[in-house]
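Below are the chains, spelled out letter by letter.
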Amino acid sequence: MSEYILELNNITKIFPGVRALNQVHFQLRPGEIHALMGENGAGKSTFIKVITGVHQPDQGEIILDGKPVVFSTPLDAQAAGIAAIYQHVTSYPDLSVSENIFIGHELLHRFGRLNWDAMHAKAGDFLRRLGANFTPQTLMGSLSVAQQQIVEIAKAFSQNARIIIMDEPTAALTRRESEELYRITRQLRDNGVSVIFISHRFEDMYQLAERVTVFRDSSYIGTWPVKEISSHDMIVAMVGREITQLFPSKSDRPPGAELLRVEKLGKPGYFSDISFQLHAGEVLGVTGLVGAGRSELCQALFGIMPYEQGSVSVNGQPVTITSPADAIRAGLAYLPEDRQRQGLLLSWSISRNITLPALRRYSRRGFTREAQENSHSHTLSQRLLVRAPSIHTPVSSLSGGNQQKVVMAKLLTTNARILILDEPTKGVDIGAKSAMYEIIAALAADGFGIVLITSEMPEVLGMCDRILVMRNGRLTAEMPVGEASQEKILAAAMLSTTA
Amino acid sequence: MPGPHEIAADRPFAWKAFFFQWEWILLLVFLAIQVMNFHLSPYYLDLAHLREEAADLAWWPWLTSLIPAVLANWADVTISFLDKSFIVFPMAFIIIMAEIDISVGSTVALSAVLMGLSYKAGLSMPLAMVVALAVGSVCGFINGLILVKYRELAPMIVTLATMIIYRGIALILLEDQAVGKFPAWFQNICWGYLGPVPIMLLAFCVTALVFGIILHRTTFGRQVYAIGSNPVASLFSGVPVARIRVTAYTLAGLMSGVTAIFLTSRMGSTRPNVATGYELDVIAMVVLGGVSTAGGRGRIIGTVISVFTIGFLRYGLGLRNISAEYLLIIIGLLLIFAVMLPNLRPLYTSWYSARHPRRQ
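As you go down the protein sequences, you meet chains A and B in turn.
Position 276 (the first sequence) corresponds to 276 in the working numbering; numbering is contiguous.
Position 108 (the second sequence) corresponds to 108 in the working numbering; numbering is contiguous.
Looking at chain B on its own, in the form it has when it is part of the complex:
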């Protein structure tokens, strides 16, 4: 008989593994962008003005008056880019499952248009907002349903088709018109504050927390990772693969509805051609956040940092009137770096071990 042998149960904390994570690099990029923004524009976070105002104070009161003011301005800036970021979380689920949903931009447009039309038709504004959420959810549910019923179809193709269809419906409903004239309070959803914090930033934080808990602390999240790691073995292990896929796509639709509400609130009216290209922005944020398109890897914290990184990069370049093309190139380069990083590590280790043969 083989003798008893031990298998360790505990996992010692590994510093190297802890710091060798994409999120740290991303955090550095984020801080670099903050520094760059300060240098690019005196208007960034209204800093010059604040300095002037507090110039004659001693350093301690100076700091205590400056920091809250900077943070408040910093929070204001987030209003400029947070609307689409709600879709990032369900998109992270979908990409962790090694799938993709490119119909979210069109779903936002259709949700926004139907919200506007139902308000115009006499529905109360809160009910119209529920319509937006419901329309988004139904759009996502349809995507999921097609994908689990016809498993041979690729998510890219199915959602490309629905992307065209949803946008098409929005165009048929509203043609080249806009709907607006919403009640005055509606614009506060995007522009309003709860104390010193913008409502949208607060909503974003809550959403991030909820999705982070779902992904990292629940059986549902575990099963999302399982499907991304090996869908066949997941099915054989009794994971309800179809149900989880449909749920993830429905969540993507629901959050598109949320985005539709914030976006419409920010603009005051809506048209069928809003949110064009949102799907690519969202996917870029997710991938830059360290979620592997090969599936099975990625975390919510990475996507959160990535949302702010891209958002502030865009804002900072906007201050300097640097055109959007440069922004696209910079984001593209960041993305290539992000997707290359997992490949760089083994390259580095083999290069290193070739240079430094291990001694006994």
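One chain only, chain A, in its complex shape:
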């Protein structure tokens, strides 16, 4: 028996035009938590799909328990005891926890009748062992993301998984929920399960893993014991260059003319009595807990769910905004929170995506002019350093960070001077984050007014000139960044103010 339970050697996977994995290695010991790190687009997801049999490698070998294996389908990998828990939980929200756990391998009475008692009992047993506080009869859809992940782990248990792959499980979790997940993951390890843990968060790696493997640009960079690598060395390994400073230095120019004035804006049930101004060259942070009404406010400004009270003026002129087309005409552009669903047409090329919001400008009398479109998209893609083989590449094949740059290019195409960015760095890796910050800072220096909605405290303090804090649909604090601190912002976001 070899030292490793799972070994992948020289794995190469080629998609048309892209080498998604280039001769990568990976070795997993029994009963180990092994972190897999790398920027978005580094090849982690493809790698996971090779392990779980979704993709077949073009080259290289997979060795399980010392024997070479071939997984032609995900079922093969499942039968070999490999289970994956994905970032976006893929469950059936209208079915119960038990049904979700046993879907595809239900426990049966004779003649194929479903054995509910056995399934509920067994599911209950799994959940107890994982320390869950809900019953197997609960509807999946009523659980939080963290609880759904526990169900996914229980499902892996029920399939007798020996190797569990967790793909960014903490991305959508609060700190306390993450702690709970750490506890469960350690418990899995103590039961002899090997865990491959993929994450962007260094904290996850340091808290949990014994060893870490880093991929960069589809290639294998190295494997280290976690205790022996500093976070600085990790960043260098992942990014391939030193990031001396995550946030670009702020210009100390005073803000310019007023671009946007919002007065007593309200939509019953979502937010009320919101007033603020935005100036040219200013980054205005809007923060608060999830559910504080930040996204709703911005979607109202952009005409997606129109506001019902108050007024908006742009450049001193009152405007009425009842649709996104109105908003774009008025000079507002919006980077939505969910870039895949709301921001991009995934099957379309980079170029077509970029020009969609301002087709009128790249057309004459209603006829499209592709040459103009392409030359504009090409210039803008180069300016924003979009990494892709060609502007005709479909955006679905880009990494998250590059997709976000394409959305950014769309906003710039509208010629809007007011940019509303809703969590622009959500789910992108550190290199892409730093690139996005550079873009935002450069735009502010160019005289754009930027509304930055974010939950990340370092981003609020590092990027913004002025900070608005929302709680329960109301503004609870406004402060220049010089006077702000993490404590002050949290207090305004969470505590009731003296009325």
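What the hints contain is simulated information worked out from the structure, not anything from laboratory work.
Just so you know, not all the hints are guaranteed correct.
What the hints assert, rightly or not - Partner residues are not named here, just some residues of chain A that face chain B (Cβ under 8 Å, in silico):
no.: 1; residue: A325
no.: 2; residue: F367
no.: 3; residue: A371
no.: 4; residue: H378
no.: 5; residue: S381
no.: 6; residue: Q486
no.: 7; residue: L490
Said to hold, decoys possible - So, partial list: chain A residues that the calculated Cβ filter (under 10 Å) puts toward chain B:
no.: 8; residue: P324
no.: 9; residue: T355
no.: 10; residue: L356
no.: 11; residue: S377
no.: 12; residue: I391
All of these numbers come straight from a predicted model, not from anything done at the bench.
Note that CB positions come from ideal geometry on N, CA and C, so glycine has one too.
Model the placement of chain B on the given structure of chain A, informed by the hints.
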């Protein structure tokens, strides 16, 4: 700082992508049907007669006299099936938006009935034709309006309801009667020729060209594809989604009005139960033409070839007195093949790459 890196702006022409298109397969099917028709019936395109007539000529004059004659006969045949094909184009728009309109057959009937009644009531025939177009447009506009006002309703259900309603109105207006006795020139709209070309074929070509330009060369067409690819992101990108949807449904109504005129002209009179099942014929033509019901994909050229493919298939089988049931089965099989093809390709590529692992 990251170094400068290049992103290509030009798109090299790819032979493989050019030939790996549904339209080529469809063209082959179309040619196969022509060959089959020649074999099925000596009467097809009146070929036997023509051969006999030109038998004693040398090959060159033989060819020069035969080809125009065959083409003329071929053009005549199109009169038998082109009437409903006008609706195919707006239907392609609607299906590219991942929606559907099944009320078009009823819209044709209502337009035809109201055209007949308004002529009978004393309106001049040209004005009665305008009535048909207006009635069709209003029917389509109502569909669109309901759909954008109540966005939770599925197009299938809404147009099913209006399909029943429009047909119902036509039945109430005319019961089991027919209206006819149109002026003599009216039948020339369907049966007439402009030079050697049937007017209807000419109208069809112009319509195809106009809709093709709208879909492939204008911002409106681009936005139709955008809505079909991702309606949410389209809305967030400032695409006037509601306006474009209403326009597409209105166009479907307008072209139903056009069909009503050609159909009535061909039959000489009209009844409330005309154009039954047209919606299914039209949808079949669109889907066979390579328009994806999942939205976002499809071209006008495909639907044009598909109109002629189904039309000649029907005509050829009709010559042999092969019953309509066989035709339905054949069209059904073609449709299954058409909708399966996008799924066959990835299957094939994965099968191929499994057999032939790529070497360095």
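Structure-inconsistent hints, enumerated in ascending order: Per hint list: 3, 6, 7 violated.
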